[in-house]
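4 protein chains.
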Amino acid sequence: MRPYEHKAQYYETDQMKVVHHSNYIRWFEEARTSFMEQAGAPYGKMEQDGIIVPVRSVSCDYISMTRFEDTVEVYTYIESFNGIRMKCRYEIRDKKTKEIRVTGETSHCFLNEDYQLISLKKSFPEYFKVFKELEGKNNLYDEEGKQDE
Amino acid sequence: MRPYEHKAQYYETDQMKVVHHSNYIRWFEEARTSFMEQAGAPYGKMEQDGIIVPVRSVSCDYISMTRFEDTVEVYTYIESFNGIRMKCRYEIRDKKTKEIRVTGETSHCFLNEDYQLISLKKSFPEYFKVFKELEGKNNLYDEEGKQDE
Amino acid sequence: MRPYEHKAQYYETDQMKVVHHSNYIRWFEEARTSFMEQAGAPYGKMEQDGIIVPVRSVSCDYISMTRFEDTVEVYTYIESFNGIRMKCRYEIRDKKTKEIRVTGETSHCFLNEDYQLISLKKSFPEYFKVFKELEGKNNLYDEEGKQDE
Amino acid sequence: MRPYEHKAQYYETDQMKVVHHSNYIRWFEEARTSFMEQAGAPYGKMEQDGIIVPVRSVSCDYISMTRFEDTVEVYTYIESFNGIRMKCRYEIRDKKTKEIRVTGETSHCFLNEDYQLISLKKSFPEYFKVFKELEGKNNLYDEEGKQDE
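Residue numbers (this note's numbering), protein chains in the order written: chain A, 1 to 149; chain B, 150 to 298; chain C, 299 to 447; chain D, 448 to 596.
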């Protein structure tokens with residue numbers, strides 16, 4: 001799968017003349033939903049099927065700054081998944097220089113439309129399979145992108 | 150009624166070192182919902198009652214710039230209302246100097262939960278009354294720029 | 299030139315389950331800066347050269363709603379330009395159905411770093427030329443809705 | 448010091464019908480700048496004095512959901528500060544029920560205008576004193592959950 005690309009917009013900058021730190025949380029979401037779509041489990045479809053995937057926690061380390069008109073690549077990686085909980089990791093790099101901008105994590109659970117915890121394994125085995133197959137696979141990039149860990 | 154107050158936040162600035170122009174549209178909404186709440190028709194309650202009030206158009210004139218930590222006052226004024234359509238006007242001024250920052254307008258209609266046009270007069274006479282009484286009353290401030298309560 | 303593409307993100311939706319109206323103002327900006335970059339006058343470079351291009355006014359008509367994961371195309375068009383003032387028009391359409399979502403306008407002036415009005419014709423003839431050549435050219439799309447490159 | 452109050456806005460909700468998780472990061476910033484202002488070190492003044500205080504990391508635990516028109520209180524607390532690094536903790540509670548919504552942390556450093564690390568103790572002893580006196584003082588609220596002024 002390809003990393004998700006985002007070009008930093010003017011409205012995302014602040015008066016420090018760099019991208020405001022809150023936007024990276026949104027870029028994680030952009031990358032995660034793109035990742036899910038590529039994997040065959042688009043989040044919009046999951047919601048239509050009655051599954052809500054809220055964010056339980058987020059953390060973010062700001063390593064270097066992104067400037068207006070820079071394009072970044074967001075690498076998404078499912079660290080762990082058991083059908084009840086999911087943890088994702090992200091790495092945001094400058095597209096041109098590959099310099100690291102930000103790393104982070106989000107953790108998620110799965111709810112039904114009454115906001116009650118569900119197990120994907122029991123309730124939605126097809127979705128369970130999609131995520132389970134991606135778990136722990138750092139297969140986001142080919143050899144020439146050389147971003148193994 | 151009191152004007153709505155908003156203090157410009159760091160994340161609302163951009164690298165021009167002023168508040169990004171898109172935020173004023175959001176401040177209009179903040180002021181409009183506060184105005185509706187003060188008037189006895191909180192938007193949250195209207196939605197619970199099955200009324201949706203989307204924005205049909207917006208316009209905004211940027212007259213002077215707002216900087217980080219400035220507090221502005223947003224004056225909201227119902228220009229016209231007939232139960233089917235509503236037009237609101239806004240004036241945003243610096244709280245301290247009363248200098249004009251932005252003026253603008255939004256127009257709205259009223260929908261039911263199936264996104265179909267409704268007439269408040271027929272379907273929700275209590276809400277109709279609230280808005281009708283405020284229509285055209287520019288009673289937000291007296292001559293000296295102070296406002297009645 | 300190609301229209302600018304934007305995929306509606308989850309964080310751009312509101313509890314009406316559609317894209318919040320304020321985001322279209324941001325999509326105008328995304329499209330305008332992309333347009334300027336394609337035209338050979340990237341806004342980041344203009345700022346480095348000491349030119350600031352603030353928004354003087356914006357207007358927006360909301361015709362139909364955009365939902366999460368929809369991709370829209372934003373067509374940008376310079377309606378008028380004289381080196382002192384510039385007016386841009388936008389048309390946002392669903393990428394798949396070409397249904398109109400939003401139309402709008404922004405007007406701009408040109409400032410130097412001391413926030414004083416400048417004439418691009420006098421101060422930056424190269425930039426003047428770029429915008430002047432695009433003025434009034436509705437060459438974004440041919441009759442069938444397809445666009446030239 | 449008083450906790451910072453924020454009323455959840457419509458544009459802060461998403462189609463899950465709750466406040467989008469990225470906004471809490473912005474509310475941390477709102478609370479932190481308000482806290483600094485109350486403490487006598489307004490961030491705007493610090494920037495004017497040539498000090499930049501970027502965010503080095505952020506973490507956030509989402510415990511319960513905030514809905515449109517809910518008012519929350521954000522408690523800010525300086526966990527550690529040595530003039531070079533600062534760590535802040537936040538607790539966001541519903542104003543009415545005092546139910547916890549979100550807890551989180553941010554860590555910061557201090558830069559000069561050339562984006563180089565500085566020590567507040569050496570370069571800005573007055574600011575150093577302000578933050579040092581607040582360090583570790585969990586004096587925001589007494590046992591009953593009410594706060595001193």
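Simulated from the structure, these hints should not be mistaken for lab results.
Because the structure is a prediction, the values reported are computed rather than measured.
Hints should not be assumed to be uniformly reliable.
[Stated by the list, open to error] In silico DSSO-like cross-links for lysine-lysine, where the CA-CA straight-line distance does not exceed 30 Å: (1) D:K568 / D:K542; (2) D:K464 / B:K278; (3) D:K464 / B:K286; (4) C:K305 / B:K166; (5) C:K427 / A:K45; (6) D:K543 / D:K454; (7) B:K271 / D:K464; (8) A:K137 / C:K396; (9) B:K194 / D:K584; (10) D:K543 / B:K236; (11) A:K129 / D:K492; (12) C:K427 / A:K7; (13) C:K396 / C:K315; (14) A:K137 / C:K305; (15) C:K305 / A:K7; (16) A:K121 / D:K464; (17) C:K305 / A:K98; (18) B:K194 / D:K568; (19) D:K543 / B:K166; (20) C:K427 / B:K236; (21) A:K96 / A:K137; (22) D:K584 / A:K87; (23) A:K7 / A:K98.
To see whether the hints hold, each was checked on the structure:
no., hint, result
1, D:K568 / D:K542, "37 Å, violated"
2, D:K464 / B:K278, "28 Å, holds"
3, D:K464 / B:K286, "33 Å, violated"
4, C:K305 / B:K166, "28 Å, holds"
5, C:K427 / A:K45, "48 Å, violated"
6, D:K543 / D:K454, "12 Å, holds"
7, B:K271 / D:K464, "28 Å, holds"
8, A:K137 / C:K396, "38 Å, violated"
9, B:K194 / D:K584, "40 Å, violated"
10, D:K543 / B:K236, "33 Å, violated"
11, A:K129 / D:K492, "54 Å, violated"
12, C:K427 / A:K7, "27 Å, holds"
13, C:K396 / C:K315, "21 Å, holds"
14, A:K137 / C:K305, "27 Å, holds"
15, C:K305 / A:K7, "13 Å, holds"
16, A:K121 / D:K464, "26 Å, holds"
17, C:K305 / A:K98, "24 Å, holds"
18, B:K194 / D:K568, "52 Å, violated"
19, D:K543 / B:K166, "36 Å, violated"
20, C:K427 / B:K236, "41 Å, violated"
21, A:K96 / A:K137, "25 Å, holds"
22, D:K584 / A:K87, "34 Å, violated"
23, A:K7 / A:K98, "14 Å, holds"
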